[in-house]
Amino acid sequence: MIRLLAVLAFVFAPTGRASETLSIAAASDLVFCLEALNREFAKSEPSVSLRVSTGSSGNFFAQIKNGAPFDVFLSADLIYPIELIAAGAAEEKSLTRYGIGRIVLWTGRTDLAIDDLASVVRDPGVKRFAIANPDHAPYGRAAKEALERSGAWTEVRPKLVLGENIAQTAQFVQTGNADVGIVALSLVIAPVLNHSGRWTEIPSSAHTPLEQGAVLTRRGVSNPAARRYLAFLSTPAARTIFDRYGFSLPRSP
Amino acid sequence: MGDSTFTFLGLSSALWQSLGLTLRLAAITTLILGIIGLPLAHWLNTTRARIAPFLETLVTLPIVLPPTVIGFYILVGLSPQHPPGSWWRDLTGEPLVFSFTGLVIASVFYSLPFAVQPFQAALRGVPRELLDAGTALGARPLRVFIRLHAPLAWRGIAAGLTLGFAHTLGEFGVVLMIGGAIPGVTKVASIALYDEVQKLDYASAHAFAAMLLVISFALLLIVTLLQRRRPA
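If you're matching them up, the sequences are chains A and W in order.
The working numbering numbers the first residue of the first sequence as 1 and each following residue consecutively.
The working numbering numbers the first residue of the second sequence as 1 and each following residue consecutively.
Just so you know, these hints were derived from the structure itself, not from any lab.
Don't take every hint at face value.
Unchecked claim - Here are the simulated lysine-lysine pairs, DSS-like style, with alpha carbons at most 30 Å apart:
| # | chain 1 | residue 1 | chain 2 | residue 2 |
| --- | --- | --- | --- | --- |
| 1 | A | Lys93 | A | Lys43 |
| 2 | W | Lys199 | A | Lys43 |
| 3 | A | Lys159 | A | Lys127 |
| 4 | A | Lys127 | W | Lys199 |
| 5 | A | Lys93 | A | Lys65 |
| 6 | W | Lys199 | A | Lys93 |
Please read these numbers as outputs of a predicted model, since none were measured by experiment.
The shape of chain A in the complex, shown without the other chains (with noise of 0.2 Å):
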């Protein structure tokens, strides 16, 4: 009976009540590498509660710069950290470079070879090719971009679904309901997805650099915790998780 009165108090209390919050809005190719980057952060700030949505970039940018509750945003891009800088929604100062994403050719059946893109897209036993949607993800851009230049995208088209961030997109392929797709290193590479399927890396040369920055929005801009969370993502630990999940590393600028 405490049990259950303990379990109602956690569901129905009104959250936050640790001393500080955090809201963070992340691409969704950070989604399970945030975890291990979080848990790595509540190590040394354990009175700061977090707050994590994650989804696609450009959904989070037009959420920010219309004054969604967040502190920091994490971005598959640097586009929209730069354009919400630009529209005053975002510090200029806080712009910090996080790593650069990469993409993979990732498939749950067993009889596909996956070495060339292009093979791949005129297999014909390949009858839905799962990308992110290239109008408004990150991912999405560098999947047509690289199905372009492997000169592919004219017959890949009709095969395409589309998913609405990279982490839908990864579901669309591991739930076997698209033969294949082009998805971040960083969520294949995770402990979750490690074992289901196979997957090939495309030569980063293959797409422009996927670089990702974070920034303070301007609501972040005057919470303490938001701006040390910031510096956390350039601390050596967090650079090894990164590194972990794939984000090789920036250039130094």
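Following the hints, complete the assembly by docking chain W onto the known chain A.
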């Protein structure tokens, strides 16, 4: 897919395509809702079977169930990795998820209560004596239903069909989860609008949203008029 592009009434050809697709999806869904919904409503009204309350609850479930629950089950349940999704793939060579047929299946399930409940109410509203008179004159139950019962309940049936149609237009969460935004196949109006907003193209988002608002308003007005002007 034709690549001819044009702009009409402030909307790009891609948006018109998604609107056409949505209307086609809603029309086919409504047709199926009529074909399976009417007998179902009649059966639920008249049966004494013990499973009837469970079936009725099951039919009503989509009203309260988050669309993501339906989307998740369809995504996992119809996956070509196992039956029945694998049978479909063997039969047609294409996965059921991300297909127009997949959307029709999802929409029928999702919009069923919005058609069946008005159907049930309408059929119940027909005076028993009229139907008994038909039976007394020697008509078989099916004939009584088709020639007497359904025509007398036509307002409610029309309201149910319109509501089913309108609700299919309003579908978003399920399609977002199982559609894959394929132009002309699964990129329905609500998804197309979402993408315009994501692309930050607020001008066409405004035009498109206004058009969907007008269409939905007109459909609901029809339902309201059908239900207000009951025969005395």
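Holds or violated: Lys199(W) to Lys43(A), with C-alpha atoms at most 30 Å apart: Since the Cα atoms of Lys199(W) and Lys43(A) sit roughly 38 Å apart, the hinted pair is violated (cutoff 30 Å).
Proposed proximity, Lys65(A) with Lys93(A) (alpha carbon, max 30 Å): OK: Lys93(A) and Lys65(A) at ~18 Å, within 30 Å.
Straight-line alpha-carbon gap Lys199(W) to Lys93(A), limit 30 Å: Within the cut-off at roughly 26 Å; holds.
Distance restraint between Lys159(A) and Lys127(A), which requires alpha-carbon spacing of 30 Å or less: Measuring from Cα to Cα gives roughly 6 Å; hence the hint holds.
Straight-line alpha-carbon gap Lys127(A) to Lys199(W), limit 30 Å: 27 Å, holds
Given pair status - Lys43(A), Lys93(A), alpha carbons within 30 Å: Distance of about 26 Å is within 30 Å: holds.
In summary, the one numbered hint that this structure violates is 2.
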